[in-house]
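**Q** Protein chains in written order, with UniProt numbering: chain E, 1 to 255; chain F, 1 to 317.
The hints are simulated quantities; they were obtained by calculation from the structure and are not laboratory data. Among the clues, some could well be false.
Said to hold, decoys possible - Derived CB-CB ranges, DEER-like:
#	chain 1	residue 1	chain 2	residue 2	range
1	E	105	F	285	46 to 52 Å
2	F	131	E	130	55 to 61 Å
3	F	177	E	164	31 to 37 Å
4	F	285	E	118	55 to 61 Å
5	F	130	E	19	44 to 50 Å
6	E	118	F	146	50 to 56 Å
All C-beta atoms in this analysis are idealised placements derived from N, C-alpha and C, irrespective of residue type, glycine included.
What follows is each chain in one-letter form.
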Amino acid sequence: MISIRNVSHRIGQSQILRDVSADIPDAGITALIGPNGAGKSTLLNLVARLLTLQTGRIEIDGQDIARTSSRDLALKLAIVAQQLGVASRLRVRDLVGFGRWPHHRGRPGPEDEATVAEAIASFDLGALQHRFLDELSGGQQQRAFVAMGFAQGTDWLLLDEPLNNLDMFHARALMARVHALSRPEAPRPRRVVMVVHEINYAAAWADHIIALKDGAVAACGAPTEVLTNPVLSALFGMEIRVEELHGRPLILHHI
Amino acid sequence: MRLSYLLTATALLVLSLLSVLVGAADFRLQDVTADPDALRLLLTSRLPRTFAALLTGASMAVAGVIMQLLVRNRFVEPGTTGTTEAAMLGLLCVTLLAPGAPILLKMIASAMAALVGMAGFLLLLRRLPPAQPLLVPLVGLIYSGIIGAGATFIAYQADLLQYLGVWMSGEFSGVLAGRYELLWLAGALALVAYVAADQFTIAGLGRATSVSLGLNHAQIVVLGLVTVSLVTALVVVTVGMVPFVGLVVPNIVARTMGDNLRASLPVVAGLGGGLVLAADLFGRVIRYPYEVPAGTVFGVMGAAVFLWLLLGRPARA
Ligand SMILES: Nc1ncnc2c1ncn2[C@@H]1O[C@H](COP(=O)(O)OP(=O)(O)O)[C@@H](O)[C@H]1O
Ligand SMILES: [Mg+2]
């Protein structure tokens, strides 16, 4: 479990997060939703220590992140941040290989190779593995980075808008893959926290939802509790119709 | 990969052999065993000169690629971002204040100034919009222009302009045994960089990825800063700057081999050494028996390649 207690964050004069407390349960996929600028990325970056915690406390499986070494954290949690701005000219396979770096620190062994091969196959990168990153489309780069995060082999995988730039085929494939990896019956179930922009992906695949608005938690709970007409309408400030499909919410926000 | 290593090694060998054979004085390799003068020429002049060119090229190319990864921009090198100018300014100041100081002390003063100059550039970069890759070399050129102007002003006042000229254009004709050995230190720094090759490659992926992989990003930036400033200072103090090596060489290598330094750094170093040695050789034969400085030869070729890199492909850094 990731427990977030009384976390506030400010940059200059603006208060980005206000006294956020939330638990991310040890189950499957937790989706962070909310309007642009709600503070989703900030919260995720604080958990992964990409930003320094100003006030409050964050624990991952009982371990205070303020007192965890960089390497231990890298073995516990991987993050694929939102704006990567790829400038590097690495081959996809090498990039995914760097996901193993916290484990081998420069001397990859056979199990590292195997994990990398598995990640490449998992995220459908076989045909791209020898291509250079800076010659791929945004969506292809995104998949390569997610595969790298997966190869890191951590219990926790944090993904900030991983579906950005993906076409619908690859978006669904990625969600299905992440979902499968996070099931309890998977060989080594991962716990995934992801910022999801397209809310129906959260509705269809997430196990738990945390909604943020204006830097505070607006709602949290199971998809059927959070993804309802009153909650979503208040969250996004517009009237949103919610139907049901196969026992899960279906949000008709586009019409 | 194996092929690039083999090609680099072969080219270096051929160039080194040529470099040992070509020069103003008569020299044949087979005389070395019989003629003590020939041996002395080899040991005091030809070999040192060859090593100096190789070490300068290799270490400058490595410094260039490190800088490009730290800044995450392909169009920078110490000579276009104020680091070289700062190194010269430091050297100028120590020459003014303590003219009799030993060369090692001068080098250290120059390296400190280079460090400050490069750190200043990194701070400046934080204020630039990230989506404008071409702004980075532009700001670098202006920044180095300002520091260079300061150095020129001081040198002019103190009547030391000819020194600046010497430091700015790399030249190997004066290299003799006993006067270039500091460059081995630059070579050693390039080796240290190879040990940290993975860390530099990861740093090139940005801070977020570095932190996610448990890398101490700040520590790598400092290691890079120190390496680049020391290499720059060592080269400026001993033979003078060879412009564009750090810019052109990594770009050429990255096109075919990419940015995975663990694989590409030996080729970057080899190509850097080889090209500088080739420039020096070219300068030796083009107006034989007179010489054109290698820095001038490389400056002309490098500027052309730089322009081609800037204009010849889509603006992506
Ligand atoms: N470096 C920064 N400086 C100033 N404001 C920032 C900075 N980063 C984010 N913000 C502000 O913080 C708020 C939350 O940002 P973010 O966490 O990225 O939102 P989300 O991911 O939910 O869209 C936004 O209003 C944004 O403008
Ligand atoms: Mg965001």
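**Q** Determine for every hint whether it applies to the structure shown.
**A** So, going through the hints one by one against the coordinates:
For the hinted restraint 46 to 52 Å between residue 105/E and residue 285/F, the CB-CB distance of approximately 48 Å keeps it satisfied. For residue 131/F paired with residue 130/E, a C-beta distance near 29 Å fails the hint of 55 to 61 Å. Roughly 60 Å separates the CB atoms of residue 177/F and residue 164/E, a value that falls outside the hinted 31 to 37 Å. Roughly 57 Å separates the CB atoms of residue 285/F and residue 118/E, a value that falls within the hinted 55 to 61 Å.
For the pair residue 130/F and residue 19/E, the beta carbons lie near 31 Å from each other, so the given range of 44 to 50 Å is not met. Taking the beta carbon of each, residue 118/E and residue 146/F are about 53 Å apart, inside 50 to 56 Å as hinted.
The structure does not agree with the numbered hints 2, 3 and 5 stated previously, though it agrees with the rest.
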